[in-house]
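Spelled out from the first residue to the last, the chains are:
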Amino acid sequence: MACLCYLRCVRKLWAPAQASQRLKVANLHRSVHQLQHKKVMAEEKPWALISEVGEQGYLEEMADIIKPHFHIISHKDFQQNPQLHGPKIQALLLWNGFPVVEPSLLGLLPSLKVVANGGVGIDHLDVPYINSLGVKVTNTPGVVSNATADIGMALLLASARKVVEGHQVAVDPKTTHIPQCLMGVEVSESTLGIIGMGHIGYKIAQRGKGFDMKILYHNRSRRSVEDEQAVGATYCENMDDLLKESDFVMLAVNLTPETTGLISHRQLSLMKPTATLVNVSRGLVVDQDALVKALQSGTIRAAALDVTYPEPLPRDHPLLGLPNVLITPHVGTNTLTTSLKMVQQMVDNAVAAVKGLTAPNEVKPK
Amino acid sequence: MAEEKPWALISEVGEQGYLEEMADIIKPHFHIISHKDFQQNPQLHGPKIQALLLWNGFPVVEPSLLGLLPSLKVVANGGVGIDHLDVPYINSLGVKVTNTPGVVSNATADIGMALLLASARKVVEGHQVAVDPKTTHIPQCLMGVEVSESTLGIIGMGHIGYKIAQRGKGFDMKILYHNRSRRSVEDEQAVGATYCENMDDLLKESDFVMLAVNLTPETTGLISHRQLSLMKPTATLVNVSRGLVVDQDALVKALQSGTIRAAALDVTYPEPLPRDHPLLGLPNVLITPHVGTNTLTTSLKMVQQMVDNAVAAVKGLTAPNEVKPK
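These protein sequence lines map, in sequence, to chains C and A.
Letter by letter, the first sequence follows residues 1 to 366 of UniProt numbering.
Letter by letter, the second sequence follows residues 1 to 326 of UniProt numbering.
Don't take each hint at face value.
Said to hold, decoys possible - In silico SDA-like cross-links for lysine to any residue, where the CA-CA straight-line distance does not exceed 25 angstroms: (1) Lys169/A to His199/C; (2) Lys341/C to Glu205/A; (3) Lys174/A to Ala230/C; (4) Lys174/A to Lys204/A; (5) Lys293/C to Glu311/C; (6) Lys88/C to Gly57/C.
Said to hold, decoys possible - Here are the in silico distance ranges between beta carbons for each label pair: (7) Asp241/C to Ala23/A: 42 to 52 angstroms; (8) Thr194/A to Pro103/C: 49 to 59 angstroms; (9) His265/C to Glu20/A: 24 to 34 angstroms; (10) Asp241/C to Leu300/A: 20 to 30 angstroms.
Treat the hints as calculated values from the structure; they're not laboratory data.
A virtual CB, placed ideally from N, CA and C, is assigned to each residue, including glycine.
Okay, chain C solo, but in the shape it has when bound:
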């Protein structure tokens, strides 16, 4: 009976001082066969380490998805007594990069079974190392794609049509008349070049098609003919061709050694001087120094970035001072709808891993 074994394991992990809890556990043995998967008694729930519940971490609605399945301990409470709390923790739920998964933390979590990441990017995790400790890594692909594709299009349109500048003029106390010279560039029927045609890149292509944009894409592998035709996308085996022909270059790759610095001086110089670079990948995909130079010199028209390196940028970084740069603070999945789906997926992954089952989204090292 898996439940009984689990109970014994839980008892072993608990500190000796919790005698009253042990009594409850003993009582539970009598009705253990009645326990249903979704009605796990409070004491049987495994423990999960999170950053915190609150504005800087999980909103209440998000925590409410976790609580039926896990006892939650915040990183701050954990740090009060790592020796006491550490051995209980079987899952680490990672949101916006917190708590930071480093050897010093992992060393305090001898029972850890899974690092469940909220989000699809796992470049901040040393997966082979974590696996070597007998810990699985999971992420949340799929559920992030709509919101991320939406932010890519939002940035593209806001940059092209100067929405931020327009708003600033419209509300400025000194504005006396409508400016005639706030000219943007046309989005409809322009050429959108997508670098990275995975789940997110493909949804961006779909959205671009709605604007009658000509879609080019570059990817490690070519998509099927049906996929290409559905969004009117043309494969560019050579990324240089995409860079030369695009009015908007959209980065939708994941961060790997191969994509680090993918867009540097040479790539920017191939782009049209009227072109816009949009990045919803990771900051390190772009050589930021090269980008600054390209924007200052007019090598490209503008850049719109949801991601930078680091985040946030140092306050004296040249990107912050350029008029042709739009930056959002990594809000790619920042809607309640998507955040809740991500947390649900994290929980599903963590529950499976803690039970020793196959997690739906386990990240395997290459």
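Given the structure of chain C, go ahead and fit chain A onto it with the hints provided.
Positioned in the frame of chain C, the structure of chain A alone reads:
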């Protein structure tokens, strides 16, 4: 021959009027005189002028100006909206009015979607936080609302409204629309749009309400207290029509009270708003200064269309886009 070109009155060539590239489209067909030069000697210049090219509402077409232009054949507007023109009155002077439908639709639909997305995903606030000298860490609570798979209600399904529907479909949005007349089944199916004969139904069900009507006596104040109260408290109003389509006082109250979530406006009344207007101080309002057609691509197409209309009218031919009074 240079002597045979007719004369056209414009606002001016320069940042506040026509860019050089735009003027270059006019010059092969017309001698141009700026309003400032015209005013130096209206009695001398007035009788020469056969076309008035109207851009961003300038020069202002009023009886005092028209009285100085005895040879005027056409007022050629740049843009599709002609609510600022008294067409019957102008026609009574033997002068045609033309506009530029069609060429404005892409850019206007694009700005509608740009405003919708920027408002939904808090792009302006995000940028301000990202570049603020005081920002030390990434905020976790800058939450927007989901656009994909939400419901987009389009009020006014003309050329522009239809293109907005097409763009919304790309985001897998559910499209509702209200229009004076229903579109064909093929049109509806092509963009997945559902007709709402009763505008109230559209208001109740939409996450984003997009106004794409022209301004007429029937659409003035179309969105007022009652309409706003029917909308979801999580809904966003987007206006790319004219400011007067919305009762702005009602909108201010609705935004202050949380009756609706937010508004994104490319148009207001007046433009620009007085600097003490409450709309300017609300955190859930995004305003752009009537930039709906502000791309060089579209502006050049508009000027070309204005010129084509004016050339035809001056020759006594049928202009492609003559505006007939109802």
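Hints, verified against the model:
{"no.": "1", "hint": "Lys169/A to His199/C", "in the structure": "holds (18 angstroms)"}
{"no.": "2", "hint": "Lys341/C to Glu205/A", "in the structure": "holds (23 angstroms)"}
{"no.": "3", "hint": "Lys174/A to Ala230/C", "in the structure": "holds (19 angstroms)"}
{"no.": "4", "hint": "Lys174/A to Lys204/A", "in the structure": "holds (14 angstroms)"}
{"no.": "5", "hint": "Lys293/C to Glu311/C", "in the structure": "holds (20 angstroms)"}
{"no.": "6", "hint": "Lys88/C to Gly57/C", "in the structure": "holds (21 angstroms)"}
{"no.": "7", "hint": "Asp241/C to Ala23/A: 42 to 52 angstroms", "in the structure": "violated (36 angstroms)"}
{"no.": "8", "hint": "Thr194/A to Pro103/C: 49 to 59 angstroms", "in the structure": "holds (56 angstroms)"}
{"no.": "9", "hint": "His265/C to Glu20/A: 24 to 34 angstroms", "in the structure": "holds (33 angstroms)"}
{"no.": "10", "hint": "Asp241/C to Leu300/A: 20 to 30 angstroms", "in the structure": "holds (28 angstroms)"}
Hint violations for this structure: number 7 only, all remaining hints satisfied.
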